[in-house]
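Based on the sequences and whatever the hints tell you, model everything.
As numbered in the UniProt record's numbering, residues 1 to 572 make up the sequence shown, in order.
No lab work stands behind these hints, which were simulated from the structure alone.
Fair warning: this is a prediction, and the values are worked out from it, not measured in the lab.
Keep in mind that the hints are not guaranteed to be accurate.
Claimed, not checked - Cross-link-like lysine-lysine pairs, in silico, DSSO-like; alpha carbons within 27 Å at most:
no.	residue 1	residue 2
1	263	250
2	522	491
3	72	33
4	534	522
5	72	483
6	185	227
7	227	209
8	80	128
9	370	250
10	483	534
11	250	185
12	370	80
13	33	80
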Amino acid sequence: MVAPKLKMRLGDLLVHEHIITNEQLMQALNSQKSTGRKLGNTLIELGYIGEKQLLEFLAQQLDVPFLDISQKHIAPEVAKLLPEVHARRLRALILEDQGDAVLIGMSDPADLSGLDQLEQMLAPKKLKLAVVMESQLFEAFDGLYRRTADIESFASQLEEEYDQSTDFDLTTSFVDEGGDATVGKLLQSVFEDAVQMRASDIHIEPDEKLLRIRQRIDGVLQENILKENKIASAMVLRLKLMAGLDISEKRLPQDGRFNLQIKGHNIDVRMSTMPVQFGESVVMRLLDQSAGLLSLDETGMPADLIERVRHQITRPHGMVLVTGPTGSGKTTTLYGALSELNQSTKKIITVEDPVEYRLPRINQVQINSKIDLSFSTVLRTALRQDPDIIMVGEMRDSETVEMGLRGALTGHLVLSTLHTNDAITSALRLIDMGAAGFLVGSSLRAVIAQRLVRRVCESCSSDHTLTSQEQLWLTHLAGDAVKQAQFKQGKGCQSCQYTGYRGRIGVFELLEMNEAMMAALKRNDAEDFTKQAKANPSFRPLALAAFDYASQGVTTVEEVLRLVEMIEVVDS
Numbered sequence: 001m002v003a004p005k006l007k008m009r010l011g012d013l014l015v016h017e018h019i020i021t022n023e024q025l026m027q028a029l030n031s032q033k034s035t036g037r038k039l040g041n042t043l044i045e046l047g048y049i050g051e052k053q054l055l056e057f058l059a060q061q062l063d064v065p066f067l068d069i070s071q072k073h074i075a076p077e078v079a080k081l082l083p084e085v086h087a088r089r090l091r092a093l094i095l096e097d098q099g100d101a102v103l104i105g106m107s108d109p110a111d112l113s114g115l116d117q118l119e120q121m122l123a124p125k126k127l128k129l130a131v132v133m134e135s136q137l138f139e140a141f142d143g144l145y146r147r148t149a150d151i152e153s154f155a156s157q158l159e160e161e162y163d164q165s166t167d168f169d170l171t172t173s174f175v176d177e178g179g180d181a182t183v184g185k186l187l188q189s190v191f192e193d194a195v196q197m198r199a200s201d202i203h204i205e206p207d208e209k210l211l212r213i214r215q216r217i218d219g220v221l222q223e224n225i226l227k228e229n230k231i232a233s234a235m236v237l238r239l240k241l242m243a244g245l246d247i248s249e250k251r252l253p254q255d256g257r258f259n260l261q262i263k264g265h266n267i268d269v270r271m272s273t274m275p276v277q278f279g280e281s282v283v284m285r286l287l288d289q290s291a292g293l294l295s296l297d298e299t300g301m302p303a304d305l306i307e308r309v310r311h312q313i314t315r316p317h318g319m320v321l322v323t324g325p326t327g328s329g330k331t332t333t334l335y336g337a338l339s340e341l342n343q344s345t346k347k348i349i350t351v352e353d354p355v356e357y358r359l360p361r362i363n364q365v366q367i368n369s370k371i372d373l374s375f376s377t378v379l380r381t382a383l384r385q386d387p388d389i390i391m392v393g394e395m396r397d398s399e400t401v402e403m404g405l406r407g408a409l410t411g412h413l414v415l416s417t418l419h420t421n422d423a424i425t426s427a428l429r430l431i432d433m434g435a436a437g438f439l440v441g442s443s444l445r446a447v448i449a450q451r452l453v454r455r456v457c458e459s460c461s462s463d464h465t466l467t468s469q470e471q472l473w474l475t476h477l478a479g480d481a482v483k484q485a486q487f488k489q490g491k492g493c494q495s496c497q498y499t500g501y502r503g504r505i506g507v508f509e510l511l512e513m514n515e516a517m518m519a520a521l522k523r524n525d526a527e528d529f530t531k532q533a534k535a536n537p538s539f540r541p542l543a544l545a546a547f548d549y550a551s552q553g554v555t556t557v558e559e560v561l562r563l564v565e566m567i568e569v570v571d572s
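Written out as structure tokens, the structure is:
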């Protein structure tokens, strides 16, 4: 193709069409001198023009189409006609293979040098140009240029090496930490793919005739099956070495952690091994340290709830619990609270297993069961360290519960987590664990229960009409509020890997103790406590909190139903 050219320079064109002023152009040009960035990007960063507005203008001037590729189906094999390294460098993506020509999307169609390079790389095919948004390009890159083919290729190569080696040779050769080992390349591809897909966990599961590598993305496992089942032992061996575990012990579970740098992300990996029928299963939790901690404002907690939570965590003493199952975001909420409380005037001690994020000024203690450094042991010592605030990673046993409650009663703010279904049962659970009712009633101030639900993908969101069954169920749950709701669902697109969901958001309920509830706990009257809690006008159960998000189009009715299946619905 003949590369399209602008009749005038971009800045002059925008001024000529009265899209920006001459003064704004001058300011952008001055800013460009210091940053070295392109003029278009500089104008967008300064807020003088929107990305979409600029690209539509460019497309019109160059007489090429402007495309929204968020909902366009792009075949991975077509996109890979242009290698990933060149696609990312040139901000270009092949959208269609039309035989003797390819339709290629670019975020900077005026990049003549880039167009020349693309013509040379894709010859003899002709180029047909389209303009696309850079943000959509990068989302497409992550979804289309996955490491699946690399993983399969390295797995096949590793199996060949396995067949040619004795068990002894295999073990000793893979002990080497050099990046040239095939198993190292395989694991690197596995981690890169997981980070690219925003996975929170990686599962490596050997079966009799195959190997499963599964990723938990937005709370749901997605599976990749490898036929090379014999390579599982080599992968586990390398991972054990990385985590500093005993490579000779295959009969007992082991836990460890290590750190990786993947595509500019500092990833902390928490690893757990478990002996299974056909080898060892490995589960790795990925924590992106470079993403930083979320504040309470970023958790998805409604503004009115945040203010009530802040009131509770700024009290001088008492216990505040965060409850929910594994993976519900309890630690994120606790760290968000600690970040706000972390001041030079406060002495904060945390007792954790493991320490997930390193926080300045806070004294963080890692539990170690091998030397009897338990929650209760550390908590007993922490109370002698003159703390203002204590965070206990989890209330696991009666001794820890009692010490935590007594610490809250004697002038400390105690934050902790508990594994229960909802906020109401949490207070009763403390009594079930052996704590005296008077102690729970005197010390417990609030319980936050939470879950994570998947967000509707914004790129393919569309209106959802309730089925008769959904209508009946939601009316029973939320009453007349259903009539004013605007429900959404995702149709599935490139952005969300055709799932209809992208990302997750927290759903919360907050139970604040009042005199009637505290009195019921002191009497060990579970029935009256439950009655008083449900009657509390400020208490809104998890199911209704999830409905609020669904009615605003943030999540789907399907996700509300899925959440309710996991918890006992608290009648309003």
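Results for each hint:
1. The hinted pair formed by residue 263 and residue 250 fails the criterion: a straight-line CA distance of about 32 Å is larger than 27 Å.
2. At most 27 Å may separate the alpha-carbon atoms for a hinted pair to count; residue 522 and residue 491 exceed this at roughly 52 Å.
3. A distance of roughly 37 Å separates the Cα atoms of residue 72 and residue 33; the hinted pair therefore is violated under the 27 Å criterion.
4. Simply put, residue 534 and residue 522 have alpha-carbon atoms about 18 Å apart, close enough for the 27 Å limit, and the pair holds.
5. Distance restraint check for residue 72 and residue 483: the Cα-Cα separation of roughly 33 Å exceeds the 27 Å cut-off, and the hinted pair is therefore not satisfied.
6. Only pairs whose Cα atoms come within 27 Å are accepted, and residue 185 paired with residue 227 is accepted, the gap being roughly 18 Å.
7. Taken as a hint, the residue 227 and residue 209 pair is honoured in the structure, with Cα atoms around 7 Å apart against an allowance of 27 Å.
8. This hinted pair checks out: residue 80 and residue 128 have alpha carbons roughly 17 Å apart, not beyond 27 Å.
9. Simply put, residue 370 and residue 250 have alpha-carbon atoms about 18 Å apart, close enough for the 27 Å limit, and the pair holds.
10. A hinted pair counts as satisfied when its Cα atoms are at most 27 Å apart, and residue 483 with residue 534 qualifies at roughly 24 Å.
11. Taking the CA atoms of residue 250 and residue 185, the gap is near 24 Å; set against the 27 Å cutoff, the hint holds.
12. A hinted pair counts as satisfied when its Cα atoms are at most 27 Å apart, and residue 370 with residue 80 does not qualify at roughly 50 Å.
13. Distance check on the hinted pair: residue 33 and residue 80 sit about 36 Å apart at the alpha-carbon level, beyond 27 Å; violated.
Violated hints for the displayed structure, listed by number in ascending order: 1, 2, 3, 5, 12, 13.
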